[in-house]
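Chemist: Protein chains in written order, with the working numbering: chain U, 144 to 323; chain Z, 144 to 323; chain G, 15 to 523; chain Y, 15 to 523.
Among these hints, one or two may not hold up.
Pulled a few chain G residues facing chain U out of the computed Cβ check, cut under 7 angstroms [as the list claims (entries may be wrong)]:
{"#": "1", "residue": "Pro-55"}
{"#": "2", "residue": "Tyr-69"}
{"#": "3", "residue": "Lys-73"}
{"#": "4", "residue": "Ala-74"}
{"#": "5", "residue": "Pro-76"}
{"#": "6", "residue": "Lys-77"}
{"#": "7", "residue": "Leu-81"}
{"#": "8", "residue": "Ser-394"}
Each computed EDC-like pair below joins lysine to aspartate or glutamate, with the alpha-carbon atoms no more than 20 angstroms apart [claimed, not checked]:
{"#": "9", "chain 1": "G", "residue 1": "Lys-24", "chain 2": "U", "residue 2": "Glu-198"}
{"#": "10", "chain 1": "G", "residue 1": "Lys-21", "chain 2": "Y", "residue 2": "Asp-417"}
{"#": "11", "chain 1": "G", "residue 1": "Lys-58", "chain 2": "U", "residue 2": "Asp-169"}
{"#": "12", "chain 1": "Z", "residue 1": "Lys-186", "chain 2": "Z", "residue 2": "Asp-217"}
{"#": "13", "chain 1": "U", "residue 1": "Lys-148", "chain 2": "U", "residue 2": "Asp-203"}
Quick caveat, the hints were computed from the structure, so don't treat them as lab data. All residues carry an ideal CB built from backbone N, CA and C; glycine is no exception.
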Amino acid sequence: MVKMKFVAIVGQQEHRVTVDDHDKEDGIYSVELDGRVYRVDAKTMPSQVISALIENKSYDIDLDDRDQSNDPLDGRLAVRVRGRVVRLEMLEHRRKKMKDAATAHFVHSGTVQITSPMPGKILRYLVKVGQAVKKGEGLVVVEAMKMENELQAPKDGVVKAISSAPGTAVDGGTLLLVIE
Amino acid sequence: MVKMKFVAIVGQQEHRVTVDDHDKEDGIYSVELDGRVYRVDAKTMPSQVISALIENKSYDIDLDDRDQSNDPLDGRLAVRVRGRVVRLEMLEHRRKKMKDAATAHFVHSGTVQITSPMPGKILRYLVKVGQAVKKGEGLVVVEAMKMENELQAPKDGVVKAISSAPGTAVDGGTLLLVIE
Amino acid sequence: MAKTARKIKKILVANRGEIAVRVVRTCRDLGIESVAIYSDPDRKSLHVRFATVAYHVGKASPKDSYLNIDKIIDVAKKSGADAIHPGYGFLSENPDFADAVEAAGLWLIGPKSKSMEAMGTKTRARQVMIKAGVPVVPGTEDPVTDEDEAKVIARSMGFPIMLKAVAGGGGKGMRRVDREEDFASAFRMAQSEARNSFGNDEVYIEKFLNQPRHIEMQVLADMYGNVMAFVERECSVQRRHQKLIEESPSPFVDENMRKKMATVAKLAAKAVDYVGAGTIECLVDDQKNFYFMEMNTRLQVEHPITEMVTGLDLVAEQIAIAEGKSLLAKEFTEDFRGWSMEARVCAEDPARDFVPTPGKVTHLRAPGGPYIRTDTSIYSGSEITADYDPMIAKVISWGNTRDCARERLNRALMEFTLKGCTTNTMFLRQILAYKPFVDGAYDTGLIEKYFRKVPTWYKEEHKIVALLGAAIFNFEKEKRLFSQIRVGAKPTAPNQMSRWRATKPNWSF
Amino acid sequence: MAKTARKIKKILVANRGEIAVRVVRTCRDLGIESVAIYSDPDRKSLHVRFATVAYHVGKASPKDSYLNIDKIIDVAKKSGADAIHPGYGFLSENPDFADAVEAAGLWLIGPKSKSMEAMGTKTRARQVMIKAGVPVVPGTEDPVTDEDEAKVIARSMGFPIMLKAVAGGGGKGMRRVDREEDFASAFRMAQSEARNSFGNDEVYIEKFLNQPRHIEMQVLADMYGNVMAFVERECSVQRRHQKLIEESPSPFVDENMRKKMATVAKLAAKAVDYVGAGTIECLVDDQKNFYFMEMNTRLQVEHPITEMVTGLDLVAEQIAIAEGKSLLAKEFTEDFRGWSMEARVCAEDPARDFVPTPGKVTHLRAPGGPYIRTDTSIYSGSEITADYDPMIAKVISWGNTRDCARERLNRALMEFTLKGCTTNTMFLRQILAYKPFVDGAYDTGLIEKYFRKVPTWYKEEHKIVALLGAAIFNFEKEKRLFSQIRVGAKPTAPNQMSRWRATKPNWSF
């Protein structure tokens, strides 16, 4: 029998979770969440789906870790339950401590990186390097699936860099420009 | 560019096949079958399916090698094309030579092994060790998916061995008895 | 339907497979909660995943799980279900179960136990029907137990005859015997199958009709004695008494015959005070005479074709009847639209004498498009176990005309793609394209007739394409092996095209 | 339909995605051979795999492939096709293409180029309709090109107004402007989208009606001047002028209004000598006044809901008309049955401002059961590319009543399971359960109204279950990592639950 502690963050809230597996039966877990213990019968399905019976209630839990970087301290998951997507971070408690320690020394600069939210094509930039922009101002237009999507400035600032020429195909997450 | 020669057997017929892959385009092949050359655009799909365009005709070719043993000289394939299953053996020509050489020294004994054609349960044996049986005589009843299936003697002979007791669960291919 | 006081809020579905999924779907559509039960191998089944709650009831063997009355009643109470839907098979026609459900203060979505009893054994049902004036197939009124005595009766009746399990249903424990010399072994097999399937080895003998068709009438009956009959279903495409393809209406039945059959079907249902959905199965000879064969006191596998031509949801109708609603005075023997066909997709290999082919489904692509419906409980990644029936999916089509429904079904079966085990889809398509079927001029001997000349499983074109595909497949495999040897014999990665699998060592002695 | 001399034997489908699959299916049902065309990223698409033959036509960009008239005509000739079905979008409303098809001696399954031209630009169509006595939405008769001049017109008309691409269709190049200060940017965006989508940046201005509904009439017209109108489709559930959920009939239309709309629809079709399947889109105000908006001279995306309530196959009807058959004198404005709804499943994430989510489909389970139809071109293993429209599937339901169709669609969308990219299925279900929609009391402002209060994307129950699932998921991941460290840091096998993927290095500067 193995027992592990996790710290989870959903939105602003932190939750403590302890997982125990059953010593005899495969796929049976005892999970303590915020002080309450749940017996969970969880079976792995294809494509990172868990079929769970929680106090006999039947749920398909669909786990998506595509947003994770290859950093073991990145515990981001998008979890779909009955159609609803819950975005959360789930880390083993020692990893969480390591991460908190690392973050404490990191001073946020005023730099914001604008990345493409989806694969597509850069249609045109609406700003130039050195230009001052206001929050909400259009920065760049990315086309994906025949729709034009205008990305807007998340804050006031100055355009520090532009990454690529219009017409370039980009992946989701590709840096498009930097505002400081 | 790679070029390979194969020998194929379908039923009683032998066929010569030569495969060339295209040096520039992925998934484009030039296949010579019994003297005729076909240009085949073959793309791999999930679960061992090939989507092929042969002279622009569109086929899904579904390849099943489950019957193969782990012997590299076993080239048995069940190939499904537009719903039809063609059972064949396809071996690289040097492997085929090796196999033929090996088989030439092998003298067929009069022993026939009766194996279960599917996973199921042995319901009962209809014969005993030492008993003489006639071709077509019932030997053993295997139950699978609620149906009773009687396996019959493929030839006249004597029951040499019985593998297991009634009630035993068996896999497809499990030896049930031997007739000599 | 008229309003009623009682309302069902939570239904336990005492079944598995596609019919359990089917019932759960209607529960969802109606806003009713569903309770699934499952045996060991069924934990990952779709009915468990689709239901609101799910409870384990025992091992693979039905008597430990899906036939375990005490356990099921216990789960129903524990889960707070107020009604039980039995599906088909398992406990659906078991009067003891019906009594147990009632005794537990729950509602069974089905008829009363006394109706089940009256129809439960074939010999008893025949007696009741004869009394009610319903024509029955000539045969013994009572079970026959002694082999020699039975043979004498069969001889006097004249071969071919049918041996049928008294407690039978669904084609099990049923054997056709054409010649006296086959009688003894057939008698024993029928008894054995009957014992294994129903716990009762009694069989009786019926005359085998000439070119018989199997045509059946769906009925619905409410608690107030109203019975409604539907346009018939033709189920003559059978192999070993298992239905393979069904259609509604029948190409053989005219309006006059339909009216007569509906009258008799209602008579039969009323004779046993029937409540709920039931089916009167008839044998029909080439002169359009029909004979009562049996009444199935539950939903049929092939009920969707009746739904397709009437626009109803028969499970919803069953629930409404159980809630005490009264039937509309509508005649679905006239008010139906178009034509519907169903094909039963089974995990079996027609080219190898229909050997069952359980396995893991590695890929499934269900058919789609206009007027195609698929009812199944399998999915990519699910397991088809040897523990239960080989039927894994029903593909249903609808069309304005019979030809249209037939072509659509054929197309849908072509689209039906399953990897991991062989299915009978191509065989079903061959039957759909077989001339007697295309012409609608067939009887229960159709499959046998089809096999009288050995079917060609493939044509030259298929062989050439198979050879080209296999050559490319092995070409890529050899290329991979070659590159592995050069870099140091790394094992082939799983899930690539190549699968040099280690098989179990052969048993030796 | 009457017999005719010409018979189509082979159809080239000049399209991709679900509509290409849809057309190929009907070809199969009718025994007609099909020719697929494909661009680079579409080689593995289902329409290529389903068609009889398939030809490569160019790169991903539509102008190199699906809009490449010369290439497509060339393939049609080479393949021996005798007719071309254009689907919707791409070349389906391009009169040059219609002329090119005719010049090549082939038949286009669609109207003549002059009908397309008359309806092709919105301003021209409005002029033709006004002349024919069809009511149109108040607005400019001609395109407006100068931004300042346009603003003056808009101001005099009074905000809100609509900017529409003259060459537009399918909601592209269309912007609603509520306030004068938003006019300039909206005008430029509309022009830009119009230029990119249609190669023509002309826009015109229409008055925005109060609480408008989008209701449209399907028509079929044969070569002999017979026009048939169908029961209407309600398409008011739109986001950014893209339809999301459609239903037939409309909960807003009564028999009297339906009759009037049918009369006007036939008038409109006759005014342009229409042949084939077409749709007259109308805006309807809260007083049940309706105004012609545009005519789509091809099959609509939402045509299946009309099929479901009439039992027809509209693609088969299109082919029959192209073969020269004459229409039956039947009125499908009266002879329809039940209710049908369609939901458009898109690869986009509603919780992140509907950002497109292309990706590889690792698992697909299509919904099933009674009265559910799925039209899609994706499958487990297929690729959803960023090159084309985000609509990846249409889920269609039917029921005897509106509520029944709605509940079934809701259930089917719950069953629709796709892994590999986020879809909008939950959002569609929320709309289906949103009171104004449930009541049928909605207009094109429905989605906006829904978003006025920020939707709750999940409840406490979902959060708890997500936490439990995520904890177990990571628990197993940690166990695997731990055991790997102990046995010597073997890489995790692919296709297990864990996926520590190496991402691309970030771009730096």
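Chemist: Quick check on the hint: G/Pro-55 CB to chain U CB, less than 7 angstroms?
Modeler: violated (12 angstroms)
Chemist: Minimum Cβ distance from G/Ala-74 to chain U below 7 angstroms?
Modeler: violated (16 angstroms)
Chemist: Against chain U, run the beta carbon of G/Lys-77 and see if the smallest gap drops under 7 angstroms.
Modeler: violated (23 angstroms)
Chemist: Just to be careful, I want the Cα atoms of G/Lys-21 and Y/Asp-417 compared with a cutoff of 20 angstroms; is the pair within it?
Modeler: Given that 20 angstroms is the threshold and the Cα spacing comes to 18 angstroms, the pair holds.
Chemist: Mind checking the CB of G/Pro-76 against every CB in chain U and telling me if the closest is under 7 angstroms?
Modeler: At 22 angstroms from the nearest chain U Cβ, G/Pro-76 fails the 7 angstroms test, so the hint is violated.
Chemist: Is the shortest C-beta separation between G/Tyr-69 and chain U less than 7 angstroms?
Modeler: holds (6 angstroms)
Chemist: Would the pair Z/Lys-186 and Z/Asp-217 pass a check requiring their Cα atoms to be no farther apart than 20 angstroms?
Modeler: violated (24 angstroms)
Chemist: Hinted pair, alpha-carbon criterion (20 angstroms max): U/Lys-148, U/Asp-203. Please report holds or violated.
Modeler: Not satisfied, since the Cα-Cα distance of roughly 23 angstroms exceeds 20 angstroms.
Chemist: Report holds or violated for the interface hint on G/Ser-394, using the least CB-CB distance to chain U and a cut-off of 7 angstroms.
Modeler: Result: holds, 6 angstroms to nearest chain U Cβ.
Chemist: Would the pair G/Lys-58 and U/Asp-169 pass a check requiring their Cα atoms to be no farther apart than 20 angstroms?
Modeler: Within the cut-off at roughly 13 angstroms; holds.
Chemist: So, G/Leu-81 near chain U? Judge it on the closest CB pair being under 7 angstroms.
Modeler: violated (21 angstroms)
Chemist: Quick one, are G/Lys-24 and U/Glu-198 close enough, alpha carbons at most 20 angstroms?
Modeler: holds (17 angstroms)
Against the hints set out earlier in the document, violations occur for numbers 1, 3, 4, 5, 6, 7, 12, 13.
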